[in-house]
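Chains as they are written, first to last, in the working numbering: chain A, 1 to 93; chain B, 1 to 133.
It is worth saying that the hints were derived from the structure and are not from the lab.
A quick note: this is a predicted structure, and the numbers were derived from the prediction, not measured.
It cannot be assumed that every hint is accurate.
[As the list claims (entries may be wrong)] DSBU-like cross-link-like pairs, simulated, lysine-lysine; straight-line CA separation at most 35 Å:
1. Lys72(B) to Lys22(B)
2. Lys30(B) to Lys72(B)
3. Lys35(A) to Lys56(B)
4. Lys82(B) to Lys56(B)
5. Lys82(B) to Lys72(B)
6. Lys30(B) to Lys82(B)
7. Lys27(A) to Lys72(B)
8. Lys22(B) to Lys27(A)
9. Lys56(A) to Lys35(A)
10. Lys35(A) to Lys29(B)
11. Lys22(B) to Lys78(A)
12. Lys30(B) to Lys56(A)
13. Lys27(A) to Lys30(B)
14. Lys72(B) to Lys78(A)
15. Lys30(B) to Lys56(B)
16. Lys78(A) to Lys56(B)
17. Lys82(B) to Lys29(B)
[Said to hold, decoys possible] Not the full set, but computed from the structure, chain B residues with beta-carbon under 8 Å of chain A:
18. Leu9
19. Leu11
20. Leu31
21. Gly36
22. Val39
23. Tyr52
24. Val87
25. Arg89
26. Val91
27. Thr102
Cβ coordinates follow ideal geometry from the N, Cα and C atoms, glycine included.
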Amino acid sequence: MAERERGERRGKGEGRGFRRRGMGRRKVCRFCADKTMLIDYKDSRVLGTFLSERGKIIPSRITGNCARHQRHLTLAIKRARTVALLPFTAAYP
Amino acid sequence: MADRRYETLVLLHPDLGEPGAKELAERVKKLIEDQGGTVGQMQDWGLRELAYLIAKQRRAFYVLFEYRSSSKALLEIERNLKLMDRVLRFVSVRQAENAPPTPPRPAAARRPEREEPEFEGAAEFEGLNEEVS
């Protein structure tokens, strides 16, 4: 299989290790891989892993989530945000 | 009308203190029951750190209610919750009929832990963020 060019849209990440280990490895949706893993807005630990340091939702292009689970995840994160389980933005001092 | 399975997570004002929060939680439970709901479980998460300030508060008591009620009742419950000024915030979600009940969790206040992003390429994404700000 040809090298996938997905997630290659770096451009701005200049200087950061070009073509790092495992580039081109196929990413698998974590929720499809582990059926017991449920997407729940109350589970801030799991949801938190899909947030960037600034509190933004990491696109599925990077996490490798399938569209269906990314959709559920997004909804769950937004619910978690309304009850302050997750931040809207990075914490301020 | 068919009853549905709902769950509501309520955030109570920290100034209530442990006993005050318990009391208010009971009142919310009664409110649900008065509206014809049957409370399956009431889960007390205790005083938790908020991810951001709400009403100038850093933490709040979290209480989760799982119950069955009609959708009309839910509207009424939510309306009443909005009127309670010691309720900082709440979120109601309809649960699937076959969804397992929420497992109990340690009531101790626990900071939502941040884990390192484990995805390749996540670093670049952060890089992009810096650029934007």
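So, going through the hints one by one against the coordinates:
1. A distance of roughly 26 Å separates the Cα atoms of lysine 72(B) and lysine 22(B); the hinted pair therefore holds under the 35 Å criterion.
2. Of the pairs offered as hints, the one joining lysine 30(B) and lysine 72(B) holds, with about 16 Å between alpha carbons and a cut-off of 35 Å not exceeded.
3. Taking the CA atoms of lysine 35(A) and lysine 56(B), the gap is near 40 Å; set against the 35 Å cutoff, the hint is violated.
4. For a cut-off of 35 Å, the pair hint linking lysine 82(B) to lysine 56(B) stands: about 18 Å separates their Cα positions.
5. Restraint check: the Cα-Cα separation between lysine 82(B) and lysine 72(B) comes to about 16 Å, which is no more than 35 Å; the hinted pair holds.
6. This hinted pair checks out: lysine 30(B) and lysine 82(B) have alpha carbons roughly 16 Å apart, not beyond 35 Å.
7. For the suggested pair lysine 27(A) and lysine 72(B), the alpha carbons sit about 44 Å apart, so the restraint of at most 35 Å is broken.
8. Simply put, lysine 22(B) and lysine 27(A) have alpha-carbon atoms about 46 Å apart, too far for the 35 Å limit, and the pair is violated.
9. Annotation: proposed proximity of lysine 56(A) to lysine 35(A) holds, straight-line Cα distance about 25 Å (limit 35 Å).
10. Pair hint lysine 35(A) plus lysine 29(B) holds up; C-alpha atoms about 33 Å apart against a cutoff of 35 Å.
11. Pair hint lysine 22(B) plus lysine 78(A) holds up; C-alpha atoms about 27 Å apart against a cutoff of 35 Å.
12. For the hint linking lysine 30(B) to lysine 56(A), the alpha-carbon distance of about 38 Å lies beyond 35 Å, and the restraint is violated.
13. Restraint check: the Cα-Cα separation between lysine 27(A) and lysine 30(B) comes to about 48 Å, which exceeds 35 Å; the hinted pair is violated.
14. For the suggested pair lysine 72(B) and lysine 78(A), the alpha carbons sit about 25 Å apart, so the restraint of at most 35 Å is met.
15. Of the pairs offered as hints, the one joining lysine 30(B) and lysine 56(B) holds, with about 28 Å between alpha carbons and a cut-off of 35 Å not exceeded.
16. For the suggested pair lysine 78(A) and lysine 56(B), the alpha carbons sit about 21 Å apart, so the restraint of at most 35 Å is met.
17. With a C-alpha separation of about 15 Å, the suggested pairing of lysine 82(B) with lysine 29(B) holds against the 35 Å cut-off.
18. Interface hint at leucine 9(B): satisfied, since its Cβ lies 5 Å from the closest Cβ of chain A, which is below the 8 Å cut-off.
19. A least Cβ separation of about 6 Å between leucine 11(B) and chain A falls short of the 8 Å threshold, and the interface hint therefore holds.
20. Nearest Cβ of chain A to the Cβ of leucine 31(B): about 19 Å, over the 8 Å cut. The hint is violated.
21. Nearest Cβ of chain A to the Cβ of glycine 36(B): about 25 Å, over the 8 Å cut. The hint is violated.
22. For valine 39(B), the interface hint is violated, since its Cβ never comes within 8 Å of a Cβ in chain A; the closest pair sits about 17 Å apart.
23. The beta carbon of tyrosine 52(B) is positioned within 8 Å of a beta carbon in chain A (closest approach about 6 Å), and the interface hint is therefore held.
24. Here the hint on valine 87(B) is broken, as its CB sits about 11 Å from the closest CB of chain A, past 8 Å.
25. A distance limit of 8 Å between C-beta atoms decides the matter here; for arginine 89(B) the minimum to chain A is near 6 Å, and the interface restraint holds.
26. A distance limit of 8 Å between C-beta atoms decides the matter here; for valine 91(B) the minimum to chain A is near 5 Å, and the interface restraint holds.
27. A cut of 8 Å between beta carbons decides the hint on threonine 102(B): the least distance to chain A is about 7 Å, and the hint holds.
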